[in-house]
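Colleague: Read off the chains here:
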Amino acid sequence: MDGDHDTRGCAVAIGPVVLIDSQSGADSAATVSALYAEHALGLTRLALIMTGDRHAAEDIVQDAFCGLHRRWDKLRDPAKALPYVRSAVLNGCRTEFRRSKAALGPPGGDDYEARLPPAWSAESAALASEERREVVRALLKLPNRQREALLLRYFLELSEADTASAMRVSRGTAKSTVARGLIALRVLLGESS
Amino acid sequence: MSGRTEERLRETAAAIGETVRPHDIPALRLNQSHRQFAPSPSQYARWRGGRWLIPLVAAASVAALVTGVVVVGQVLHIRLSPSHQHPGPSSAASGPVQLPYGTPKFMVTSLGGRGAVSATATGQLIARIPPPVNGFVIEGIAASQGDRMFVLAGQGPHDAVEFFRVLLGANGKPGHAARLPGPSVRLHAPISSDGRIFIPVAISADGDYLAYAISRQLLGDAASRPATITVVRLADGASHTWKLWPAGRTQISELSWAKGGQLSWIGVIGDATVANGSVARHRGDELSVAMVLGTALPGRSLTVDSRLVSYGWLSESATGKSSVLDGPVAGVIARDGETVAAQILTRHGTRSKLVVMSAADGQIIRVLLDGPRSSRADPASIDGDSLLFTLSQRHVHPSPRYVCGHLALAKLSSANIVPLPFEIYCSTTWPGLPFLYAW
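Same order as they appear, the protein sequences are chains A and B.
Residue numbering for the first sequence is 32 to 224, as defined by our numbering.
Residue numbering for the second sequence is 254 to 692, as defined by our numbering.
Keep in mind the hints are simulated off the structure, nothing from the lab.
There's no promise every hint is true.
Derived, one-sided and incomplete: chain A residues facing chain B with beta-carbon distance under 7 Å [to be verified]:
no., residue
1, Ser-64
2, Cys-97
3, Ala-150
Chain A is nowhere near these chain B residues, computed Cβ spacing over 12 Å in every case [as the list claims (entries may be wrong)]:
no., residue
4, Thr-258
5, Glu-259
6, Arg-263
7, Ala-267
8, His-276
9, Asp-277
10, Ile-278
11, Arg-367
12, Asp-524
13, Val-527
14, Gly-530
15, Ala-613
16, Gly-624
17, Ser-627
Virtual Cβ for every residue (Gly too), placed ideally from N, Cα, C.
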């Protein structure tokens, strides 16, 4: 990870997780595997919605858990493991989204729809209805943070606190981001307040 | 706040999300985790000609292509010590990689135009290759079958492209480099490259024939000269050249030999289209091709005398700021001439696959890699069943200094893929020294 340079003996803050040198977590693989069994499905679905690409989504989630496993013996509070993984998934999605967005070009281009990743495209069975496609198009127009906040809140059904933790922002920021995202989405969908 | 909006959001997200079913989730593979980024005081780049078309990096702009800036698109960085050292073994490698039977033991690499021999299994530097002549900069490497004979291509001190043969001993130590015969390849506008120019070069399995291509990077974008592929018989220096019409946007990026004098080439042809299964001139279009030239037959035309294996189109992205490509990007032909191992892009360059395709008609026979890890799966060299290529990490890291992947081995017969202990770094922001490799 960029930035987590070795500072032996010092605590190193990486997002919501505070890492310290320690030898704890002897059976980290089993613990991480159990966490994966419980949360991989939801996180993969989240990543799919955010990236539109099934392969990328699976890889992002795999990487997030592998990263957790790598850092397990530096994890001071095992309760922070899940927020850490969520953050890592969001990071991965941002990167993938940036990449696919660069390839897509701006919305409204001639063949923009044809270039959409599989899960966002009109060919997707999940988006058979125009109503759903409208929502996807609107989501893609939202700023990243707002899109993330909305999906964490209304797809993963996280609390404000957990949403904030995953996004590495304060609870107030998460709350206002969700609110602004909803307003923007409503406008984009042409719904009355 | 609208409850209706929330409901539509929930319903749509759930519909997409539920296409992933519980049994679809792959098992967690902790032993395949990323290598941890070990901070290094400096990183240096690697660039290979075949990579400049990859549109996943926004820098693959048409403008950059036109100017011939060699860092277009994608620049791979390899982590090194600060003094321009050749890559050592990967920091994450706990020991030698268990190489399948028949894998070449040695790899010849070039970093910033300077050559070295490394052990494939460990990544350890075996020996540096001194410049054959003062001022020689390596801009292309080719290997013949059997782990022993390599050819270095590059610009020497006299504004000409020169070729040298290097034989390795049983322990991998390089012998004295010998200049190869052939016509003088003088450049009208020689470019000081530090190895950033890539000269496609290939040597036949028996070491008797050398092939090299001269195109856009060396000719510039002036359309007054044709791109060429030249084959030299090394016994006496006799040569034969195939030409492709003057087209400033034509770039030949990779060559490889198969039996019977078949020479595979990968490239982008400016002002071209496909008509009746053949490449035809058509102003304005740009075609990406994998073709096989029959060098045993007489002829002078690169397109007429080559068989079209696979093709796609280079076009502007929706923004008009970058180029996107569907079609073959890189590839090498198997020695028997039956198949081509190639990276192909689809869906306007957003999807990548590493495939084995029929050399006869381009039909995909086997998919070796599909998905994010194939985004930089760039076949570079083949020895028998062993394909050398770049393997992406599972996803791109957000940092401008990040591990992009490694060199990797694929056994074509079994599709077995083995990451090799040669880390590669990618960056869209800082082109470092170019890195070439062959086995």
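Colleague: So, for every hint listed, does it hold in this structure?
Modeller: Hints and how they fare:
The criterion of a C-beta within 7 Å of any C-beta in chain B is met by A/Ser-64, whose closest approach is roughly 6 Å, and the hint holds. At its closest, the beta carbon of A/Cys-97 sits 3 Å from a beta carbon of chain B; the interface hint therefore holds under the 7 Å criterion. About 5 Å separates the beta-carbon of A/Ala-150 from the nearest beta-carbon of chain B, less than 7 Å, and the hint is met. A beta-carbon of chain A comes within 12 Å of the beta-carbon of B/Thr-258; the shortest separation is about 5 Å.
Residue-level check failed: B/Glu-259 sits 6 Å from the nearest beta carbon of chain A, not beyond 12 Å. The Cβ of B/Arg-263 sits about 5 Å from the closest Cβ of chain A, inside the 12 Å cut-off, so the non-interface label is violated. B/Ala-267, annotated as away from the interface, has a beta carbon of chain A within 12 Å; the closest lies near 7 Å. Not every beta carbon of chain A lies more than 12 Å from that of B/His-276, the smallest distance being close to 10 Å; the non-interface claim is violated.
Annotated as non-interface, B/Asp-277 brings its C-beta within 12 Å of a C-beta of chain A; the closest such distance is 8 Å. Remark: the non-interface label on B/Ile-278 conflicts with the geometry, its nearest Cβ contact in chain A lying 5 Å away (cut-off 12 Å). With a least CB separation of 29 Å from chain A, B/Arg-367 remains clear of the 12 Å interface cut-off, as annotated. A cut-off of 12 Å between C-beta atoms confirms that B/Asp-524 is not in contact with chain A; the least separation is 23 Å.
At roughly 20 Å, the least C-beta separation between B/Val-527 and chain A is larger than 12 Å, which holds for a residue marked as non-interface. Distance to chain A confirms B/Gly-530 as a non-interface residue, since its nearest Cβ pair spans about 26 Å, more than 12 Å. Residue-level check passed: B/Ala-613 sits 30 Å from the nearest beta carbon of chain A, beyond 12 Å. The Cβ of B/Gly-624 sits about 3 Å from the closest Cβ of chain A, inside the 12 Å cut-off, so the non-interface label is violated.
With a closest Cβ-Cβ approach of about 9 Å to chain A, B/Ser-627 is found to fall inside the 12 Å limit, against its non-interface label.
This entry does not satisfy hints 4, 5, 6, 7, 8, 9, 10, 16 and 17, going by the numbered hints stated previously.
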